[in-house]
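**Student:** Chain residues, written in single-letter form:
Protein chains: 2
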Amino acid sequence: MFRYELLHVDQNCGARLGRLHTPRGVIELPTFMPVGTCGTVKGMTTDMVEATGSQILLGNTYHLHLRPGESVVKELGGLHKFMGWDKPILTDSGGFQVFSLAQRTVVDEQGATFRSHIDGSKITITPEISVQIQQDLGSDIAMVFDHVIELPSSREKVKDAMDRSIRWAERCRDAHTLESQVQFGILQGGLDESLRIECAKELRQLDFPGYAIGGLSVGEPPPEMYRIIEATTPHMPEDRPRYLMGVGRPEDLLQAVLRGVDMFDCVMPTRNGRNAMAFTDDGFLKMKNAIHERDPRPIQAGMHTPHAELSRGYIRHLFMAKEMLAGMLVSMHNIGYYQRLMTQAREAIAADRFLDFFEERMAGWAGGKSSD
Amino acid sequence: MFRYELLHVDQNCGARLGRLHTPRGVIELPTFMPVGTCGTVKGMTTDMVEATGSQILLGNTYHLHLRPGESVVKELGGLHKFMGWDKPILTDSGGFQVFSLAQRTVVDEQGATFRSHIDGSKITITPEISVQIQQDLGSDIAMVFDHVIELPSSREKVKDAMDRSIRWAERCRDAHTLESQVQFGILQGGLDESLRIECAKELRQLDFPGYAIGGLSVGEPPPEMYRIIEATTPHMPEDRPRYLMGVGRPEDLLQAVLRGVDMFDCVMPTRNGRNAMAFTDDGFLKMKNAIHERDPRPIQAGMHTPHAELSRGYIRHLFMAKEMLAGMLVSMHNIGYYQRLMTQAREAIAADRFLDFFEERMAGWAGGKSSD
Numbered sequence: 001m002f003r004y005e006l007l008h009v010d011q012n013c014g015a016r017l018g019r020l021h022t023p024r025g026v027i028e029l030p031t032f033m034p035v036g037t038c039g040t041v042k043g044m045t046t047d048m049v050e051a052t053g054s055q056i057l058l059g060n061t062y063h064l065h066l067r068p069g070e071s072v073v074k075e076l077g078g079l080h081k082f083m084g085w086d087k088p089i090l091t092d093s094g095g096f097q098v099f100s101l102a103q104r105t106v107v108d109e110q111g112a113t114f115r116s117h118i119d120g121s122k123i124t125i126t127p128e129i130s131v132q133i134q135q136d137l138g139s140d141i142a143m144v145f146d147h148v149i150e151l152p153s154s155r156e157k158v159k160d161a162m163d164r165s166i167r168w169a170e171r172c173r174d175a176h177t178l179e180s181q182v183q184f185g186i187l188q189g190g191l192d193e194s195l196r197i198e199c200a201k202e203l204r205q206l207d208f209p210g211y212a213i214g215g216l217s218v219g220e221p222p223p224e225m226y227r228i229i230e231a232t233t234p235h236m237p238e239d240r241p242r243y244l245m246g247v248g249r250p251e252d253l254l255q256a257v258l259r260g261v262d263m264f265d266c267v268m269p270t271r272n273g274r275n276a277m278a279f280t281d282d283g284f285l286k287m288k289n290a291i292h293e294r295d296p297r298p299i300q301a302g303m304h305t306p307h308a309e310l311s312r313g314y315i316r317h318l319f320m321a322k323e324m325l326a327g328m329l330v331s332m333h334n335i336g337y338y339q340r341l342m343t344q345a346r347e348a349i350a351a352d353r354f355l356d357f358f359e360e361r362m363a364g365w366a367g368g369k370s371s372d
Numbered sequence: 001m002f003r004y005e006l007l008h009v010d011q012n013c014g015a016r017l018g019r020l021h022t023p024r025g026v027i028e029l030p031t032f033m034p035v036g037t038c039g040t041v042k043g044m045t046t047d048m049v050e051a052t053g054s055q056i057l058l059g060n061t062y063h064l065h066l067r068p069g070e071s072v073v074k075e076l077g078g079l080h081k082f083m084g085w086d087k088p089i090l091t092d093s094g095g096f097q098v099f100s101l102a103q104r105t106v107v108d109e110q111g112a113t114f115r116s117h118i119d120g121s122k123i124t125i126t127p128e129i130s131v132q133i134q135q136d137l138g139s140d141i142a143m144v145f146d147h148v149i150e151l152p153s154s155r156e157k158v159k160d161a162m163d164r165s166i167r168w169a170e171r172c173r174d175a176h177t178l179e180s181q182v183q184f185g186i187l188q189g190g191l192d193e194s195l196r197i198e199c200a201k202e203l204r205q206l207d208f209p210g211y212a213i214g215g216l217s218v219g220e221p222p223p224e225m226y227r228i229i230e231a232t233t234p235h236m237p238e239d240r241p242r243y244l245m246g247v248g249r250p251e252d253l254l255q256a257v258l259r260g261v262d263m264f265d266c267v268m269p270t271r272n273g274r275n276a277m278a279f280t281d282d283g284f285l286k287m288k289n290a291i292h293e294r295d296p297r298p299i300q301a302g303m304h305t306p307h308a309e310l311s312r313g314y315i316r317h318l319f320m321a322k323e324m325l326a327g328m329l330v331s332m333h334n335i336g337y338y339q340r341l342m343t344q345a346r347e348a349i350a351a352d353r354f355l356d357f358f359e360e361r362m363a364g365w366a367g368g369k370s371s372d
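Going line by line, the protein sequences match chains X and E. Residue 152 in the UniProt record's numbering sits at position 152 of the first sequence, with consecutive numbering throughout. Residue 370 in the UniProt record's numbering sits at position 370 of the second sequence, with consecutive numbering throughout.
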């Protein structure tokens with residue numbers, strides 16, 4: 001039911017063309033997963049999400065556990081039925097949110113105890129609880145519960161969290177029983193290449209059907225992130241999908257594809273969309289700027305998402321009038337832009353010209369008068 | 001290009017089945033027009049609006065004049081292209097907003113001068129200016145600029161505003177030059193039947209291709225409104241469409257259809273949608289109520305709008321989590337509910353059973369435990 005297929009590696013770099021077969025459909029790789037934090041991609045119906053070319057969504061275990069609770073989701077038919085999305089869903093484990101959102105978090109060998117960021121109630125998530133929540137949600141791909149820490153941290157602290165994450169990964173694997181769901185391991189190790197390689201080797205022993213690179217994009221400079229990706233992917237199994245968690249900007253996606261990563265998720269396209277930032281091949285546009293007032297051009301020519309023909313002037317008007325539709329349309333545009341980028345990347349890899357495509361896009365983003 | 005066709009009058013009441021032919025398509029009557037105040041039906045893409053079965057939208061002259069200004073809309077191709085809606089659009093004249101929204105309004109024979117509710121700037125709208133704005137917007141149906149007053153008012157004051165509205169209607173007719181647009185007259189006369197009849201007779205002389213009943217739903221009890229509609233429609237031309245402005249609740253629509261009204265507009269479905277009130281055949285649901293938490297039923301069975309299968313539990317969750325999608329989905333549901341009601345009304349009129357349909361729906365709305 002679940003199978004990764006490596007179709008082609010670009011002759012000039014590490015970029016991979018692949019396919020992830022799942023019971024709910026085939027996912028062409030590399031791909032971007034829009035984030036549906038609380039059971040909705042913010043500001044978008046599932047029809048709108050589908051129209052962007054998205055093949056798989058991400059749901060957040062931490063958020064759904066807090067509200068409405070996995071028992072409600074399960075009783076209402078599981079996350080797919082709950083939110084009306086019948087393509088694949090990947091759920092994260094809550095590890096990142098326990099680190100980034102929860103309050104007064106205490107981590108010990110058993111798990112993490114913290115206060116809800118919504119109502120301050122005391123909550124414990126252990127590897128076994130995270131697995132159970134994700135099974136109740138009924139996602140197609142679950143993530144192991146990991147220990148995420150801030151960067152930079154001392155090597156000792158990084159290694160300690162990494163070792164714990166490896167032990168927790170094994171507990172997650174052992175607790176996992178849902179046959180319709182697979183579980184991905186998560187590589188930790190901070191910005192230390194030797195730790196990343198060690199973690200990759202340890203987790204290979206646990207034989208997960210897919211592997212993620214976690215604990216990045218937590219404030220470190222992008223070149224540091226690229227360095228770690230480049231050091232890590234050669235030690236990840238070639239016959240398993242590779243997922244870079246929580247990343248990122250369009251340039252980060254291409255930098256990671258170049259180094260052999262297949263899957264991405266990030267709130268940036270929707271968060272920026274609500275904040276009037278629209279991605280284009282010439283850099284981003286600040287849609288509230290007066291320069292757009294009478295501009296008849298679309299945000300980006302050549303897009304296939306619905307309403308892509310609407311003018312910059314109209315979008316600017318919607319933001320000035322504080323209309324909900326403003327954030328809805330630019331969120332949809334931005335996710336559509338990310339998916340178009342992934343489609344173009346797949347076409348480029350198939351033709352062994354990913355490096356050319358990479359250079360072309362980077363030049364456009366760097367040279368664009370990110371106006372306005 | 002523009003033609004009203006009376007297809008059938010129910011044998012047992014005044015309900016009319018009709019068709020309005022316009023250059024941008026045929027509108028089956030009776031119909032409901034969603035309100036796109038600032039160039040968007042709040043919280044909905046035009047795809048979503050179209051999926052509700054809506055055949056024509058309303059745009060607000062007052063709001064669009066203030067922001068972004070009709071010159072921007074015109075430069076960007078007119079209101080249809082601006083907002084991406086190629087079916088018919090009706091624009092109101094601004095008369096109602098000058099009365100209800102503008103500040104420090106002074107009306108004299110020339111027109112109305114007031115302060116913008118957005119930035120306090122001083123603005124004048126005369127009949128000629130209203131006509132020009134609507135021509136720049138490029139709507140298919142324009143409304144004459146009228147003098148709306150609060151109710152109750154003295155007969156003298158009502159007659160004075162009515163007489164002015166008639167004089168302004170003639171000035172609007174004389175100022176109108178856009179061939180692709182028709183202009184509807186607006187009947188005033190407050191809650192005084194004899195004034196309403198007088199106004200209808202006067203405006204018939206001006207030979208508008210359609211007539212609206214204005215100045216109602218401004219706070220008077222619904223039975224008063226029904227009484228005025230009942231007294232007025234017999235004096236409106238049978239061969240022209242009849243539009244009841246700014247009304248209203250589902251029961252108001254059926255009460256007016258019963259008395260021979262063909263067209264409606266109201267912000268209620270979208271405003272209530274954003275405020276978690278969903279219309280059903282059993283009354284409305286307050287979607288934030290805890291009773292819905294684990295309810296797998298759709299808001300209303302038998303709906304054809306997109307995502308109509310989503311559970312009450314999911315919708316409630318979205319409201320509790322303050323997700324944009326909550327208001328988006330319930331706005332779409334509510335407009336879809338209004339359009340379903342109009343479709344059912346048309347089917348009932350064609351079969352001479354509108355009275356039965358009317359009683360059935362009224363009983364449902366009255367008897368429903370508007371739960372929850």
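Don't take every hint at face value.
Identical chains share a label here; the pair holds if one copy fits it or two copies do between them.
[What the hints assert, rightly or not] Derived BS3-like pairs: lysine-lysine, alpha-carbon spacing no greater than 27 angstroms straight-line:
1) LYS157 / LYS201
2) LYS159 / LYS42
3) LYS322 / LYS286
4) LYS157 / LYS74
5) LYS288 / LYS42
6) LYS286 / LYS42
7) LYS122 / LYS87
8) LYS122 / LYS81
9) LYS74 / LYS122
10) LYS74 / LYS201
Just so you know, these hints were derived from the structure itself, not from any lab. Note that the structure is predicted; figures quoted are calculated from it, not measured.
**Student:** From the Cα coordinates, with 27 angstroms as the cut-off, is the pair LYS322 and LYS286 best called within, between, both, or neither?
**Tutor:** both (15 angstroms within a copy, 25 angstroms between copies)
**Student:** Could you place LYS157 and LYS201 in one of the four classes (within, between, both, neither) given a Cα distance threshold of 27 angstroms?
**Tutor:** within (19 angstroms within a copy, 87 angstroms between copies)
**Student:** Please work out whether the CA atoms of LYS122 and LYS81 approach to 27 angstroms or closer within one copy, between two copies, in both situations, or in neither?
**Tutor:** neither (29 angstroms within a copy, 53 angstroms between copies)
**Student:** Checking LYS74 and LYS122: alpha-carbon separation at most 27 angstroms within a copy, between copies, both or neither?
**Tutor:** within (22 angstroms within a copy, 57 angstroms between copies)
**Student:** Between LYS286 and LYS42, at a C-alpha cutoff of 27 angstroms, which is it: within one copy, between copies, both, or neither?
**Tutor:** For LYS286 and LYS42, the Cα distance is within 27 angstroms both inside one copy (19 angstroms) and across copies (22 angstroms).
**Student:** Is it within a copy, between copies, both, or neither that the alpha carbon of LYS122 lies no farther than 27 angstroms from that of LYS87?
**Tutor:** neither (34 angstroms within a copy, 54 angstroms between copies)
**Student:** Tell me, please, which holds for LYS157 and LYS74 at an alpha-carbon limit of 27 angstroms: within, between, both or neither?
**Tutor:** neither (37 angstroms within a copy, 62 angstroms between copies)
**Student:** Is the C-alpha distance from LYS74 to LYS201 at most 27 angstroms within one copy, between copies, in both cases, or in neither?
**Tutor:** The answer is neither: 36 angstroms in one copy and 64 angstroms across copies each exceed 27 angstroms.
**Student:** If the cut is 27 angstroms between Cα atoms, do LYS288 and LYS42 qualify within a copy, between copies, both or neither?
**Tutor:** Answer is both; intra-copy 20 angstroms and inter-copy 19 angstroms each pass.
**Student:** Could you figure out if LYS159 and LYS42 sit no more than 27 angstroms apart (CA to CA) within one copy, between two copies, both or neither?
**Tutor:** neither (36 angstroms within a copy, 51 angstroms between copies)
Consistency with the previously given hints fails for numbers 2, 4, 7, 8 and 10, ordered from lowest to highest.
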